[in-house]
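Here the protein sequences come in this chain order: A and P.
Counting from 47, one number per residue, gives the positions in the first sequence under the numbering used here.
Counting from 1351, one number per residue, gives the positions in the second sequence under the numbering used here.
I should point out that these hints are in silico values taken from the structure, not numbers from a laboratory.
Treat the hints with care, as some may be off.
What the hints assert, rightly or not - Only pairs whose alpha carbons sit at most 20 Å apart, straight line, appear in this in silico SDA-like list of lysine to any residue:
no.	chain 1	residue 1	chain 2	residue 2
1	A	LYS158	P	GLU1426
2	P	LYS1461	A	ALA226
3	P	LYS1461	A	SER252
4	P	LYS1461	A	ARG156
5	A	LYS278	A	THR75
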Amino acid sequence: MTTGINISRKGVGTAALLALAAVLPLAVTEPSQQNFLILILMGAQMGVAWNIVGGYAGQVSLGHAVFYGIGAYTSTMLLLTLGLTPWIGALAGGLVAAAFALAMGWPCFRLKGHYFAMATIAVAEIMQILVTNSDALEGAVGLYLPMDQSGWGVLIFLSKLPYYYVILGLLVLTVLVSWAIERSHIGYYFRAIKDEPEAARALGVSLTRYKLIALTVSAFLTAMGGSFYAQKEMFIDPGSVFATTISIKIALIAILGGVGRLMGPVLGAVILITIEEYSRTLFGSTGSGTDMIIYAAMIILVAVFSPSGVLGLLGDLRRHLPGAKPAEVKTSAKEARP
Amino acid sequence: MNTAPLLAVDGLGKAFDGLVANRDISFIVHHGEIIGLIGPNGAGKTTLFNCLAGFHTPTTGRIAFEGQDITGSTPEAAAALGIARTFQIVRVFQSMTALENVMVGAMLRNKRVAEARERAEDELAFVGLSHRADTPASDLTVSEQKRLEVARALATEPKLILLDEVMAGLNPTEVREASALVHRIHQRGIASIIVEHVMEGIMPIAHRMLVLDYGAKIADGTPAEIAENPAVIAAYLGE
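One chain only, chain P, in its complex shape (with noise of 0.2 Å):
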């Protein structure tokens, strides 16, 4: 057994162009693990998922993804060794049907197209869109597109899964059903973190919050450690 954590962040820093968007940013993430990421808009929140995805090089700073240096790597690369992503802004493929889309995924870990079906099949039930399957991606509503990227991201077989607001626009029905949606991909044993603002939908299922502000983590705890720290309230409320 790797006795590494999934995931470990040392000093992790990225700078565009003289603009800070992530300033030494240390944490840990363990195997199943549900760590949620918060912040005020622009804390740098969607710049740290794209560099741990291999989408932006790190400035300063190392990623280690079960003890391995995956700095710098590139999204394929990633991928590969079991990161998977859905984007802020939902990315499907227009001109295929969901049951395409999420064939694409699968296709990572099996490239015989009526193998990645079954998987895809599989994936679609797990996030209820069997019904769907047959719709072309471009006709499904946004929060149907959203569960579509989960399910994309899953039949990838990751090992950590960078959810980016998949719960942002949902009503409370939908929000309930997304954190149930988050738990079991906790209990297959995918970690995952999950960017999200709407805070009723996280803090329930987060084993650990972690908070950025300005760029820089300004805490890192449970949630109920999180709803009480000074810094977090003043980051959220002003001062």
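Extracted from the complex, chain A is given alone in its bound form (with noise of 0.2 Å):
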């Protein structure tokens, strides 16, 4: 077997990027595009967090987006109310995002497929009107972080390099979860529920626990994310944080870059991100609306040309080139399946 070369080939690979994810800002000094980093990194953390329930284990969520919000509006509201730090109020916000996906992944698991995605749509939408009508949480006004205060304790910072590298070790934690994940027997369930789940269920595996399982990590790691918008962007409304957009830029981040695989959400970021950022400084504030136009395309080339995402491409490629070693085939067009 060659797993072992793999996994060290894989493993140098991985340091290598993250050594110059580490010192990519010093030669990026420019704001604004150290602006353009942190939101490609941010893109590559949700779609590996969604990666896990979406990819791995195949239930495809279009909802994400209130995992999203309810941490960026948990561990604001803690912020603002009882002054607790987002250190806490970050880890606050995944716990209730989790709890929310137990509460909501019981009964829209007894969905299957397509009808999943739908559900997962419903309760999204239905979260962000009920934020907007909620005095509480300021509803349609929104939350503004306090403008006055600086430094690591309440994570708001006056430059942007400091949120870089804490946006790039969220998403190398989200990386190393759902690298855990993968190599454990829990990866290797995820696969079977997506493959065959009548036939994973007759090996014992139980469907219902480890779609929770799968939904109720990666809605802890999304909360997260969530949370570091709301201390990035200094302000959230329901319309930043819980929009159906932000669900779909999710997972078509994911779906983008390769489903099920590790990295493929990164790479998809990369992607993603750089096409929606020329398109919004060619087409500017007129073209509102035209990242809507870039995902309906995306997902309509993938869904043609790499239902394995840019990876998969990537994989075939390499497999076809004469004298190439047979890469390890670990995919195949079921992948994408939603």
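Please assemble the complex out of the two chains, which come individually in their own frames, going by the hints.
Written out as structure tokens, the structure reads:
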């Protein structure tokens, strides 16, 4: 078996990538460009978190904004009302989102495939409406973080650089969790459930239990990403953290890069955020809504040309190059099946 | 020593919206026994399997496994108790290698990946698929996929294995190999119930045969008795 070699090669590649990410801000000093890098890391973190339930376990959620929003609102409310540091606030947001995931997963996982996806959209929409109409959460007005404080305690900074390293740390944590799942029996069970749920049951796998594990872990990590968003933007409202476009973007990042692959969403984020930002500068404010056009075009392109995402496409290319050693074939066209 | 039979089915019936697929079926399976389950198409064989493995809840009757009532239990509970199955239409995990498929089965008893891998390697060797361990399951031939399902089921360390048409579509050499495999499963002390249309595969190795027709049991005996049974002949040849 070549597993040992593959792991070490993968390990070297990952270490190199991490080192590059760590020194990148030294070369990229322009704040707007640093902001662009932060957006990529945020997108990657969301995508990797989504991939746990949507990729490995194959339970496509189109309502992940609900966890993102819960994370953003929980840490922000704790900071504003109790003065609690967002370090703990983000963990609290993760826990609230995880509890919410358990509660919504129980009924939603009775539905399969497209029906599950539709139910998650509905849950996120309902949540957005509830928060918009909640006086306690300032409704549609939104919440502002305190502008008169800064530093590591309140996790508010005047420069972009600290935000960069915080989100890089969160991304590394998210990738590590995903990696640990992939290597454990849970990762095998997720893939089994995705491929053949009935056969998985016949081997003693409880579908409900493992789908709930996938959704809960994913929700926890997504919520932490939401808390980071609030810290970085210093303003949240229902439209900016609970919107359906965020749910679609989260899923698309993973699907574009390659579902069920550890680093697929990272690649997906680089591609999607780059296109998104360039189109924003190109079209300016007249282009509001262009992001939806881009998402739609991306979904069509991926569905038609590479259901296993860009990573799957690269794998296919490598396999067809003359003299290339047969790559580990871990994917099939079924992977992107929603 | 538990004196209860391994499996005791009593008056089992299953109806789907008025369509009766199984009616009043009773039989007993002892530890290590090889039972052939035959009958014309639509006789209710797969429905019976689905009831035994927890995929269907019987409408009437009871199923006891080692003296414990398991009527209406879930498939995962049945697997945990020691009932494993294969599927008539193969359901291998397409995105995994052959070895990984079997590892998922082994993980029922041992969640440690490295130990599950060792167990899976043993089971792949048992069904003669060691050379295909790292091949994606989707690239295996149908005959290999059927053996892979057997290895995957055996990896759950069952006491009873339900084999659904593992010999269908095999050539005569492969049928002999499949018969030999069933016999080796028996030698491990695992009982098996085998749904099969390939008579030359099942008749020589079965200790007992159950015959279903229109959802009901019409015969229960040794292969020799079954071959002489007028009701069985009528069911197969028509009257």
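So if I understand the rule, the pair passes when the alpha-carbon distance is 20 Å or less; does P/LYS1461 with A/ALA226 pass? It holds: about 14 Å lies between the C-alpha atoms, which stays within 20 Å.
Quickly compare the C-alpha distance for A/LYS158 and P/GLU1426 to 20 Å and report which way the hint goes. 18 Å, holds
Pair hint outcome, A/LYS278 versus A/THR75 [Cα-Cα no greater than 20 Å]: Cα-Cα ~18 Å, so holds.
Restraint check for P/LYS1461 with A/ARG156, where alpha carbons must lie at most 20 Å apart: Violated, at about 26 Å.
Holds or violated: P/LYS1461 to A/SER252, with C-alpha atoms at most 20 Å apart: Satisfied, since the Cα-Cα distance of roughly 14 Å is no more than 20 Å.
The structure shown violates just one earlier hint, number 4.
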